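Asker: Here is what each chain is made of, one letter per residue.
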Amino acid sequence: MSIEVKNITHIYSEGMPYESVALQDVSFSVADGEFVGIIGHTGSGKSTLVQHLNGLLKPKSGSIFIGDTDITGEKVLMRDIRRKIGLVFQYPEYQLFEETVHKDVAFGPNNLGLSEEETDHRVREAIGLVGLDYEELAERSPFELSGGQKRRVAIAGVIAMKPEVLILDEPTAGLDPRAHKEILDMIRSIHETEKNITFLISHNMNDIAALSDKVLVMEKGQIAMMGTPREVFSRGPELKEMGLALPPAAEFMNRMREKGCPAEASILTKEEALEALLLRLRVNREQVAQ
Amino acid sequence: MNLMETIIRIENLIFEYKREEELEVVRAIDNVSLEIPRGSFTAIIGRNGSGKSTLAKNLNALLLPTSGEIWIDGYNTRDPESLWQVRQRAGMVFQNPDNQLVSSIVEDDVAFGPENLAIPPDEIRKRVDESLKAVGMYEERKKAPHLLSGGQKQRIAIAGVVAMKPQCIILDEPTAMLDPRGREEVMAIMKKLHQEGITILLITHFMEEAAQAERVIIMDQGRICMDGTPEEIFARSREIRELSLDVPLPVELAEGLRENGIPVPRSIITTEEMVDYLCQLK
Chain U
160 MSIEVKNITH
170 IYSEGMPYES
180 VALQDVSFSV
190 ADGEFVGIIG
200 HTGSGKSTLV
210 QHLNGLLKPK
220 SGSIFIGDTD
230 ITGEKVLMRD
240 IRRKIGLVFQ
250 YPEYQLFEET
260 VHKDVAFGPN
270 NLGLSEEETD
280 HRVREAIGLV
290 GLDYEELAER
300 SPFELSGGQK
310 RRVAIAGVIA
320 MKPEVLILDE
330 PTAGLDPRAH
340 KEILDMIRSI
350 HETEKNITFL
360 ISHNMNDIAA
370 LSDKVLVMEK
380 GQIAMMGTPR
390 EVFSRGPELK
400 EMGLALPPAA
410 EFMNRMREKG
420 CPAEASILTK
430 EEALEALLLR
440 LRVNREQVAQ
Chain C
948 MNLMETIIRI
958 ENLIFEYKRE
968 EELEVVRAID
978 NVSLEIPRGS
988 FTAIIGRNGS
998 GKSTLAKNLN
1008 ALLLPTSGEI
1018 WIDGYNTRDP
1028 ESLWQVRQRA
1038 GMVFQNPDNQ
1048 LVSSIVEDDV
1058 AFGPENLAIP
1068 PDEIRKRVDE
1078 SLKAVGMYEE
1088 RKKAPHLLSG
1098 GQKQRIAIAG
1108 VVAMKPQCII
1118 LDEPTAMLDP
1128 RGREEVMAIM
1138 KKLHQEGITI
1148 LLITHFMEEA
1158 AQAERVIIMD
1168 QGRICMDGTP
1178 EEIFARSREI
1188 RELSLDVPLP
1198 VELAEGLREN
1208 GIPVPRSIIT
1218 TEEMVDYLCQ
1228 LK
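Sequence lines, in order, name chains U and C. If you use this note's numbering, the first sequence corresponds to residues 160 to 449, in order. If you use this note's numbering, the second sequence corresponds to residues 948 to 1229, in order.
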């Protein structure tokens, strides 16, 4: 399955004094199984875009094909779209509400009208996929769990719907470094297991660089850049102009260039940065020795 | 100004709460003693559940000690008579700006605190204007907070605290929900307020932010396990990693270079220092 977004435009409060164009002629396509990072500062249109992908918003013009279905079409049932597309909002743990972890994760599948057996199977599978122990946690209240665990339970509730497309909005915000890394590993392993199209919206450029096949950069309701993480993050000055950050290693190299010392532009990780710095120092020394 | 004077004094603080169903007692703060000098800039880091936020809430009497004492500028937080002295001296800023703004107009929101102190209207007007200027939001004073960015909203929340003329501001992960630009804005405001003499206590998960403070305290399991200058703390990178915390990137790069025979001084911990060092190397 693939996604084809063609020329979508969305205007908030059309005809009103505060009318604003939230998306303007946005087009892109996503191949089956692709992992797409979306970056852009607050108000750039990221959230508006993903809300179109699961039918929460309809564009003024343009079309969105999820597989063969144009979800902007008149006859499309929202229920079918939402079954295909799982959206995990920011701070999803605030949406937990059931008495037990099992019941919370089962809420979605139950609403799909699945058999009790199938629901039970999916709940166990989803809890396993988010890296929690079903036997240990299933009958506990989700509210007694740690912050990182709560977030996993909330994500399991979406995974249990078996969405063909998974959208994650800032899934690591507010977590400490260990919980952050655990959630990141979890996202990677879900993607490897389910092989579904995944969208990750994040301000954490390290996460975007580490996971994405393709990065979309949103600016003023339009796609300002699209490419591999290496392509996108080597354009440091342009990203900064938009108020965006780089992965810390790329930022570091960028700062060196700003100070007028030569440093590679296509660095993404600290390992690469270290290697590039050592190489530069060695070359300098050899030149001095000669 | 006497820099050695203590504004916050914590003596043998223990804080316990009961887990609802099991009636099990959890000790969130386990015998912490600490002195914060007036005018200092301290960062507190630690894992989720290490006791950082509980400590912060004890400082302005949102929570009261199970045992031990806390004095803010000489006022004991346990004394109901001095509650408003404590809260006026130690202002709090929380993670989510949306939960802290109460009015539909920016300047009304900033005036909310001083109004509750029964300050005369002229003085309130003056304080609101000054506070908004201090956080660079004076131009937006007539706007509705919900139309502002996360970083701007957080600056309004800070202005609301500044308008109370506090001596100390405690910020509990104020940048966690912000985009990179918003984080920079808020960090710049904290530094500016510090330069103006306000004591800053910053709780954060971002090590690069902690590296910019004068003092770093690491909490683990309700206790203080490290306390020192950023240079001292981040030199102990192995222990920091054992606590499941990160080390700032420049520190990691410096370590990597040292392992390869390049004698990077241990005092280098911020990006700026490291870039300067590398650029002068031949």
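Derived from the structure by calculation, the hints contain no laboratory data. Hints are supplied without guarantee of correctness; some may be wrong.
Result set (BS3-like, lysine-lysine): computed pairs, CA atoms no more than 30 Å apart in a straight line [claimed, not checked]:
id : chain 1 : residue 1 : chain 2 : residue 2
1  : U       : Lys399    : C       : Lys1138
2  : U       : Lys373    : U       : Lys429
3  : U       : Lys418    : C       : Lys1089
4  : U       : Lys429    : C       : Lys1138
If you're wondering where the values come from, they're calculated on a predicted model, not measured in any experiment.
Asker: If a hint holds in the structure, say so; if it doesn't, say that too.
Answerer: Quick rundown of the hints versus the structure:
no.	hint	result
1	U:Lys399 with C:Lys1138	holds, 22 Å
2	U:Lys373 with U:Lys429	holds, 20 Å
3	U:Lys418 with C:Lys1089	violated, 40 Å
4	U:Lys429 with C:Lys1138	holds, 28 Å
In summary, the one numbered hint that this structure violates is 3.
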